Amino acid sequence: MTALVVPVVQSIGGMERQTYTSVVERMAAAACLIQPLSGGQFQFAISNSRLDQLLGRESGLSGFQFDQVLRPSVAESLRQNCLACICQQTTVEWEERPATSAVDGWWRTQLIPLTGARGGVSSILCIVTNVTASKTEESALRRECDQLRDAIESINDGFALWDTDDRLVLINGRFASFYEALSPLLQPGISYEELLRAAVAAGLFRLDIPAADWIDSRLEARRRGDLICEEELNDARWLLAKERRTTSGGMVALRTEITERKRLEQVVRQSRTSLQAMIDSVDEMIAMLSDAGVVLAINRFGATCFGRPPSGVVGRSLTDLLEVSERAHVRELIRGVLTTGARVQRECLWRGRFMDISAHPVLDSHGKPVAVSVFSRDVTERKMAEDQLRLLTRAVEQSPAIVMVTNAEGEIEYVNPRFVDVTGYTGEEVIGKSPSLLRSPELNEDDDDAIWTKAQEGHRWSGKLRNRRKSGELFWVSASVSPIKNSTGDITHFIGLQEDITERIAAEEEAREHQQQMMRYMRIAAMGEMAAALAHELNQPIAAVVNYCNGSLRRLAVDRWDADEIAGAIREAHAEAQRAKSIIQHVARFVRKAPQQRLVQSANALIASVVALVQRELERLNIKLKLDLCDDLPLVSVNIVEIEQLLLNLLRNSMESIACLDEGQQSLRLATATFNVGNIVISVADSGKGFDPETVERAFDPFFTTKPQGMGMGLAICRNIAEAHGGRIWADSCCEGGAMVRFTLPVVEGTYAAN
Numbered sequence: 001m002t003a004l005v006v007p008v009v010q011s012i013g014g015m016e017r018q019t020y021t022s023v024v025e026r027m028a029a030a031a032c033l034i035q036p037l038s039g040g041q042f043q044f045a046i047s048n049s050r051l052d053q054l055l056g057r058e059s060g061l062s063g064f065q066f067d068q069v070l071r072p073s074v075a076e077s078l079r080q081n082c083l084a085c086i087c088q089q090t091t092v093e094w095e096e097r098p099a100t101s102a103v104d105g106w107w108r109t110q111l112i113p114l115t116g117a118r119g120g121v122s123s124i125l126c127i128v129t130n131v132t133a134s135k136t137e138e139s140a141l142r143r144e145c146d147q148l149r150d151a152i153e154s155i156n157d158g159f160a161l162w163d164t165d166d167r168l169v170l171i172n173g174r175f176a177s178f179y180e181a182l183s184p185l186l187q188p189g190i191s192y193e194e195l196l197r198a199a200v201a202a203g204l205f206r207l208d209i210p211a212a213d214w215i216d217s218r219l220e221a222r223r224r225g226d227l228i229c230e231e232e233l234n235d236a237r238w239l240l241a242k243e244r245r246t247t248s249g250g251m252v253a254l255r256t257e258i259t260e261r262k263r264l265e266q267v268v269r270q271s272r273t274s275l276q277a278m279i280d281s282v283d284e285m286i287a288m289l290s291d292a293g294v295v296l297a298i299n300r301f302g303a304t305c306f307g308r309p310p311s312g313v314v315g316r317s318l319t320d321l322l323e324v325s326e327r328a329h330v331r332e333l334i335r336g337v338l339t340t341g342a343r344v345q346r347e348c349l350w351r352g353r354f355m356d357i358s359a360h361p362v363l364d365s366h367g368k369p370v371a372v373s374v375f376s377r378d379v380t381e382r383k384m385a386e387d388q389l390r391l392l393t394r395a396v397e398q399s400p401a402i403v404m405v406t407n408a409e410g411e412i413e414y415v416n417p418r419f420v421d422v423t424g425y426t427g428e429e430v431i432g433k434s435p436s437l438l439r440s441p442e443l444n445e446d447d448d449d450a451i452w453t454k455a456q457e458g459h460r461w462s463g464k465l466r467n468r469r470k471s472g473e474l475f476w477v478s479a480s481v482s483p484i485k486n487s488t489g490d491i492t493h494f495i496g497l498q499e500d501i502t503e504r505i506a507a508e509e510e511a512r513e514h515q516q517q518m519m520r521y522m523r524i525a526a527m528g529e530m531a532a533a534l535a536h537e538l539n540q541p542i543a544a545v546v547n548y549c550n551g552s553l554r555r556l557a558v559d560r561w562d563a564d565e566i567a568g569a570i571r572e573a574h575a576e577a578q579r580a581k582s583i584i585q586h587v588a589r590f591v592r593k594a595p596q597q598r599l600v601q602s603a604n605a606l607i608a609s610v611v612a613l614v615q616r617e618l619e620r621l622n623i624k625l626k627l628d629l630c631d632d633l634p635l636v637s638v639n640i641v642e643i644e645q646l647l648l649n650l651l652r653n654s655m656e657s658i659a660c661l662d663e664g665q666q667s668l669r670l671a672t673a674t675f676n677v678g679n680i681v682i683s684v685a686d687s688g689k690g691f692d693p694e695t696v697e698r699a700f701d702p703f704f705t706t707k708p709q710g711m712g713m714g715l716a717i718c719r720n721i722a723e724a725h726g727g728r729i730w731a732d733s734c735c736e737g738g739a740m741v742r743f744t745l746p747v748v749e750g751t752y753a754a755n
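Quick note on numbering: our numbering labels position 367 of the sequence shown as 367, and the sequence is numbered without any gaps.
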């Protein structure tokens, strides 16, 4: 309205008063004409009825100064504005809400300078307009704008508005925080392309393609008006960028930070990769099937069962993957799971392998089965192990051996039926008990502890025991106790195996008695065969005794005799009698039943004793005997009679084998030496024809002989004697010709024979 009033008023500045009055009165707004006075004061010259009415002046305002009709503060404010209007020669206006109940609402006051004929401001036109309605509309619009701005500012996403020329209109703080490096440029009016290129130049984004290509792709998407993409900032933050056209042709841009989502996606990817790797590492099939039998997912092992990679199986129907004979079975499995919604498990033979198949329903959000997860394990080895376990169980149950299993503390956990048959105890009577309940009085606690100590140290113990049945009867067993270890090598159980050898022990004892008796008979026979030599051996000392006695008697018959001479003869007779006694005792000891105890003895002394028995026979047959004995031999623990018999048998065999040789060619050699560690060896060699290969192999077998009249028991007995002493015996041919038999005996540690 001011734009219309000012030129009109200015054009009538020189009009007469009545003219001013007419113009002011015709104005639709409240108006008046203000006249400047001296001293910076003003008065109302003309006012229309609307202003009078507004100020409640029935008689008008004409001729009154400001302070005469207005409140002091209002009068002073109006005066100052009038002064400003005159000084600046420009319109002055303001809006206010008067603090009076008479005037309500918002009012705009305009002071328009009027130029006089002389060129200065001669008066001021004052127009007062009620702007309450427009102020209310402006306030509402401002509130709406503020609310909209607050809403835009409060959203968590970055917001930017671009006009139809693609220039920035406004952004919120969140948008600015994403692009802090561009703060100086984020001002209204900047173009989108300018801002984009500045961001790329500042290295704001992490680009996976050349910068120019990236800018072109963004601008093209911008032109299409459907930009949706992810931005990775150089500070490792991620933004989801969305830009859409407005109905007026502008552009709204949203930026949502998705850094945490990207991190979680990475975690999910890693978890999925780890899960897939874990599933692929399982040596069993893991798959998911749709209700139509289509493979939705499968691990690597499962795919190899079909001879394909996982990518060649996923999405394929089982109809394409299975043999015709297998399809119905799998369809039935899927149908059973989907129908019942329950887990189904079964074993079946698939392509020659036993498979344990477990199928589970996969439920949707309503609990309805929509797919089937399948777990299939190859249990062929387990089935074979179970079959072997059943076989071993039957073998143990039906074994003729006594089987007993204890825990690591030595408490019985299992006994087989043979244990029950032999001991008389039932399983219920011994479970949880110690095996010592079978211990006989002959086995003391120390021996029992030694057995378990060895087993607890991880070693196998074996030996013979005499146990006691429930009835109290004693019986012999061949027993072994072994530790049972788990996969880490820890002992968890012990197993004891026993065989009832009572009858065998009795038979062996009887056989030993028979063998001892046979050996005695053979010794007697040997003495019989050497009777002539023994008679000659005894004849010499006996004849000497007789001669010494006769000579002494003759000397005593004369009157004069020498007492010293008689005493010497008696001493010589006594010595010869002792010699005869020694020969007789040696023969008697040799032919009587051999004692069972062993004595520590020198091997060389044993050889000397046997040589004394055959010396006369050797002389009679003109056989040369060479002794090659080691002086520094350890002692041996032996049954003297048995070892002498062994040596005598070997010597007599050699003497018989060379008896037919020409005189001068008959020779024997007896030698001793150390052998390996902890043994000595005694060898008997002759100058005969030696052994053929068959004889070397079978010489010590019972009833094998090369003599026309032989029984074949001599060397067999020699082997039994040697092995009973912990040694061994073997035959060979000498390098220079002839036969040789050698046998070993274990030594007594730390002992040596005197030279």
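Accuracy of the hints is not assured; some may be wrong.
Unchecked claim - Here are the simulated distance ranges between beta carbons:
(1) D701 / T492: 27 to 37 Å
(2) Q266 / S365: 19 to 29 Å
(3) P184 / G56: 24 to 34 Å
(4) Q345 / S399: 51 to 61 Å
(5) V677 / D701: 42 to 52 Å
(6) R142 / R244: 21 to 31 Å
(7) R244 / V200: 53 to 63 Å
Rather than coming from a laboratory, the hints here were simulated on the basis of the structure. Fair warning: this is a prediction, and the values are worked out from it, not measured in the lab. Where is the CB? At the ideal position from N, CA and C, for every residue including glycine.
Hint by hint, here is what the structure shows:
1. D701 / T492: 27 to 37 Å: About 47 Å separates the Cβ atoms of D701 and T492, which means 27 to 37 Å is violated.
2. Q266 / S365: 19 to 29 Å: holds, 27 Å
3. P184 / G56: 24 to 34 Å: Since P184 and G56 have Cβ atoms about 57 Å apart, the given range 24 to 34 Å is violated.
4. Q345 / S399: 51 to 61 Å: violated, 36 Å
5. V677 / D701: 42 to 52 Å: Violated, since V677 and D701 (Cβ atoms, about 29 Å apart) do not stay within the stated range.
6. R142 / R244: 21 to 31 Å: Holds, at about 27 Å.
7. R244 / V200: 53 to 63 Å: Because 22 Å falls outside the window, the suggested range is violated.
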